[in-house]
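Q: Per the working numbering, the very first residue in the sequence shown carries number 1; after that it's consecutive.
No wet-lab data here; the hints were simulated from the structure.
One or more hints might be untrue.
Unchecked claim - Below, in silico cross-link-like pairs of lysine to aspartate or glutamate (EDC-like), each with a Cα-Cα straight-line distance of 16 Å or less:
| hint | residue 1 | residue 2 |
| --- | --- | --- |
| 1 | Lys59 | Asp762 |
| 2 | Lys835 | Glu864 |
| 3 | Lys298 | Glu781 |
| 4 | Lys298 | Glu514 |
| 5 | Lys778 | Asp768 |
| 6 | Lys298 | Asp46 |
| 7 | Lys133 | Glu145 |
| 8 | Lys903 | Asp683 |
| 9 | Lys298 | Asp67 |
| 10 | Lys298 | Asp512 |
| 11 | Lys778 | Asp762 |
| 12 | Lys133 | Glu210 |
| 13 | Lys59 | Asp758 |
| 14 | Lys298 | Asp65 |
| 15 | Lys133 | Asp46 |
| 16 | Lys778 | Glu791 |
| 17 | Lys835 | Glu781 |
| 18 | Lys298 | Glu509 |
| 19 | Lys903 | Asp768 |
| 20 | Lys835 | Glu514 |
| 21 | Lys133 | Glu231 |
| 22 | Lys59 | Glu781 |
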Amino acid sequence: MSDDRPGRRSTGLRLALAMRGGVSLAVWMGGACCETAALRAAAGQDPGPAAGLYPGLLKACRYEDVDIDVLAGTSAGGLNGVLLACHLVYGMPFGPGVRDVWLRLGDLEGLLRRSTPFHVPASLMRGDEVFYKELRASLGRLLAEAPANWRPPASLRLILTATRLRPRQDRVRPTLGRPMPVGRSNAYFRFRHRTSLTDFPLDGTGAAREPALNRLAYAARASSSFPGAFEPARVYVGNGPQPVEDPPRVDMRGVSSETGYPDENLNGCAELMDGGLLDNIPVAWAVRALAGAPVARKADRWLLFLQPVPPFPPPPEPGTSRRVTRLVRIAVKSLTVKTGSESLRDDDLELRAAEAAAQRRHAAAGVLPPTLAELEDTAVARRGAYAERAGAAEALRLIRLLEDPAEVTGPDALPLPAGPGPLEALDRCAGDGSTVLFSRLRAASDRLAVAPGAFPGPGYSPLALARTVRLLMDWLEAHEARPRPAAARPGDAEPGGTRPGDAEPTEAERADAERVEGYRRRLFACRSAAATLTAARDRLLLDRYRCALLRGTLPGDAASPYREATRLLGSLLPMGPSPGDPPEEWERWAANLATAVTGGSPPCAPEPGAGPGPAEVPQGFARLWAGLAELAGEIGLHLVPDVEGYEALHAAARGAGPMAGALAYAEVLLGPLRPDPLAEAPDIRFHTVSAANTSWATRRVLPEAAEESPEAMVRTKLSGNQLNNFSAFLSARWRMSDWTWGRLDGAASLVSVVAGDDRLRDALGRTDTRDPAAVGEKMAELTGLGDVFLEHWAQNVVANGATDPYDRVREVLTAVRQHEILREELPYLAELNRKGFRGGNRPPDPPLNPPPLATPAEFDAGLESFGRIGGEEVGTLLRARDPRRAALRAGLLAWPALQPTGKAGARVVQGVLGLLKPLVYLPVLVGVLAPLWGLIAAVLMWTGVAFSTAHWSSLLAQVPVCLYAMVALASLVRLWVRPGWLRFPVGALALAGPPVALWQLRGTPFPQVGGWSTLIVGACFALAAAAVLYVGTDRWWLLPGAALIAGGIAALIQFGRPGLGGWWAALILYAVLFWITFVLPWLYPRERSGPV
């Protein structure tokens, strides 16, 4: 959605990012965030080949300023949100350092717990011990590299979603009847930054910044706590002093929606899990956050949704009349519908609602009566209706605030209020308490907005001030949206009598733009003051109603706490700036107000006056209202000619009447149309950044995949979308490939956003777009890229003859940037991939710093290896030692992790499953992950059992070994046999081999070896143990000893007794497998206990 009204192009670009969950695909999103940060950093730089594409692109498209002010992330997308927020506010480099963080932090084996016999782990991976600590240490290390003169954004909102492990109690309150109890599991973290109010302290000593970084890192860890993979994150959200614990819990009060709602018996803590469990697509969160992120200057607003793998529709299924498995199929289909119901459709509805609200705002603007007298007469006639409708809006907002404080206060600039809500005590009592309270508030609503018979003004609701600010902003937007006047020189005007978009602005236009920019800055400060005033009143309303309802009884006058909070707000207002003071004074005033309201328990409210309204208007209200009136007077005088629809305000500015009265009259007419002006979303344009988008890099690196369906292209391009998006955790090469593709795909999307058709049309001006050579030379000149651009342009013209000129420009611009990215990333990728899929899977320590690719041949070789990585499958990767060992460790840890916990009964189950693990799980897992070594081990164990029993076929011990061999053979067939249709007959023959051999060898004479049987049995089982241990070890010097001990155990049981029965052979088999299971964790790589 966008605002396509004519007028001068904006010179600012504002980006909001929504990042979905995707487990290991978050590495791709990290690459896309890196490109977004690079675009922001390029604003204001001098263009040229050495500077890269973005400075010249922004200059050609006439963007002077680029910023990012909203970040919404879910699950692993929340981790990228924290990294990008630290870059934006603190200047943390977002490049190779962040890439190395992902290569190390995403390593599965480094995160895994060590398995312990007869112990049920809390999760497979260590969330607090490794993930959080390494992320926190990485933030501190990278922040030390931040430049000293960094320019943070004027404002930033970071929102991370989470899910409560145990739902907290909530209620649905109908219009009539008793509230209905429900559970509430959705939660979120909200971090905000503004010049005067911030959750990102900028103190030089670090005393305040260190706890803030702890909160940021732990919020990312909590939002990414995928169930089973990580243990739930435990955050402190209780009321009162935090208890002493070792290690201490991270204090999330004020930034978590669960502030004041701890779990029972957890010392004020709440346990949170992955935010993607309930909402994996945070677009709606970003849309809501945009309402609280106004822009101080005219800017194009874009919401970028990072979705590496878009949802592809399932293939159509034909109907069937089969009924045998109808129940099972219906159950499975129902589960599929339930788990797949969450999609972009709900978020699209939020976008459509924001678009409709923006259209209503534009429709309402400029409809005031044409003269000041008519405006006054109309306002006088509708004064009673205004009191009723604006009061009803106030009552509705108050009811929403009492019901769900975090939902209403979430977008504002103050810390989130602590629970429990004011209605808690009332709802615990029997009856319809809250329903009755709401009915009484609606009945008294006509006295909430203004005093009886009065015009709106200072002293009652700060929302009237916010609506007035919005009216003045609309006034400026209407002025800027007017078509540019015809040029003075003949021939410069277009047929409609307007100036062409590429014409240089005149001196008058420049002066007008500077003047309007100054008004915008002042209005932005006033808007921030009104928003802080509203947020402060909300906290006071919660406090007053909590006190009034503390005993569970209704007050006699439902609106008395409302009026009490208004009087208290007036007494707490600091001395406000004078109307003509600079905007910085209003920022300081807002910070002082926030401190007064949130710094401790508020004092008692002043006594009411004798009249129906406040005894006197609080000075802070009056100063802000007077400041708006003075600013409106300046706007009305300096906007020439009069803006259509605002003639009455222009007349008031010229002295036809007081401007404060004119603004009050306008509020009477327009106020009811804007019940909550601070929640109005701006004009938003939406774009999805996806790996399904094609570009020069796709056609160059994956020429065959680029011609296939988008689904096949994504599958070939990305490595992390296998194993339900967990696969990139197995290999640093795969994570590096996904990071690079994230940058490449992000660059293609950013070029499309910046270089839209309208911007390119203005840039090219009168250039003949039918002449490719002229267009190429013009763009090479505008971007300052010269021959670099022309070289890619010539290649594109030869390869794509008939192409839309604007599309060709975007394709070439994308190719230039993607070539720059590959020059940066390919040396690192080529070094990791030097040994193919068998090397480069463990994160390098220390990080690599390879030289650049010096020749075109090296560059082409790097592209070829890059393309091969995306085509690798998990089965191929598991043939490499490091990923295979990590998968084996995860599989062995999953066995106890799935066991029940509890008292006597659960412990019995744990013991039984623990004893069965060596016999029924370990050999099967080895056969699946390392089929060749599993088959070798099975053959050796078969031989050892045969020499132990002196029979080639011994059912009791050799049936399990036969099953182990069958599992290994099935995995070998799947891995080695191509094409797919040949797997079934070959697999059937392979699986028949072990049982046929077991049957055919029964009764076959066995050679007599005498006393050598003990040595043979010991040797066979020692070699079998070595084959199994080889799959899971990294400490090679310990492997021979462990294998020899396994052989010694077998030989000890066999010693001196040739031709044992099947039970003894089964004991040998179990004893050896038990020893392997026991010793294997000691052969793993040394644990990462924290940051290095």
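Q: When you check the alpha-carbon spacing of lysine 778 and aspartate 768, does it fall within 16 Å?
A: 10 Å, holds
Q: Hey, lysine 298 versus glutamate 509, does the alpha-carbon distance stay inside 16 Å?
A: 15 Å, holds
Q: Would you mind confirming whether the straight-line C-alpha gap from lysine 835 to glutamate 781 stays at or under 16 Å?
A: 44 Å, violated
Q: Is the hinted pair lysine 903 and aspartate 683 satisfied, with a Cα-Cα distance of at most 16 Å?
A: Between lysine 903 and aspartate 683 the Cα gap is close to 58 Å, so the pair fails against 16 Å, i.e. violated.
Q: Is the Cα-Cα distance between lysine 835 and glutamate 864 16 Å or less?
A: 14 Å, holds
Q: Quickly compare the C-alpha distance for lysine 298 and aspartate 46 to 16 Å and report which way the hint goes.
A: 23 Å, violated
Q: Is lysine 298 within 16 Å of aspartate 65, Cα to Cα?
A: OK: lysine 298 and aspartate 65 at ~11 Å, within 16 Å.
Q: Holds or violated: lysine 59 with aspartate 762, Cα cutoff 16 Å?
A: Holds, because 12 Å separates the two Cα atoms, which is no more than 16 Å.
Q: Has the given pair, lysine 133 with aspartate 46, been kept, meaning a C-alpha gap of at most 16 Å?
A: Roughly 40 Å separates the two Cα atoms, so the pair is violated.
Q: Could you grab the alpha-carbon distance between lysine 903 and aspartate 768 and see if it respects the 16 Å cut-off?
A: Given that 16 Å is the threshold and the Cα spacing comes to 82 Å, the pair is violated.
Q: Run the distance test for lysine 298 versus aspartate 67: straight-line Cα separation, threshold 16 Å.
A: 13 Å, holds
Q: Sort out whether glutamate 145 lies within 16 Å of lysine 133, counting only the CA atoms.
A: Violated - the C-alpha atoms of glutamate 145 and lysine 133 are around 19 Å apart, more than 16 Å.
Hint compliance for this structure: hints 3, 6, 7, 8, 15, 17, 19 and 20 are not met, and every other hint is.
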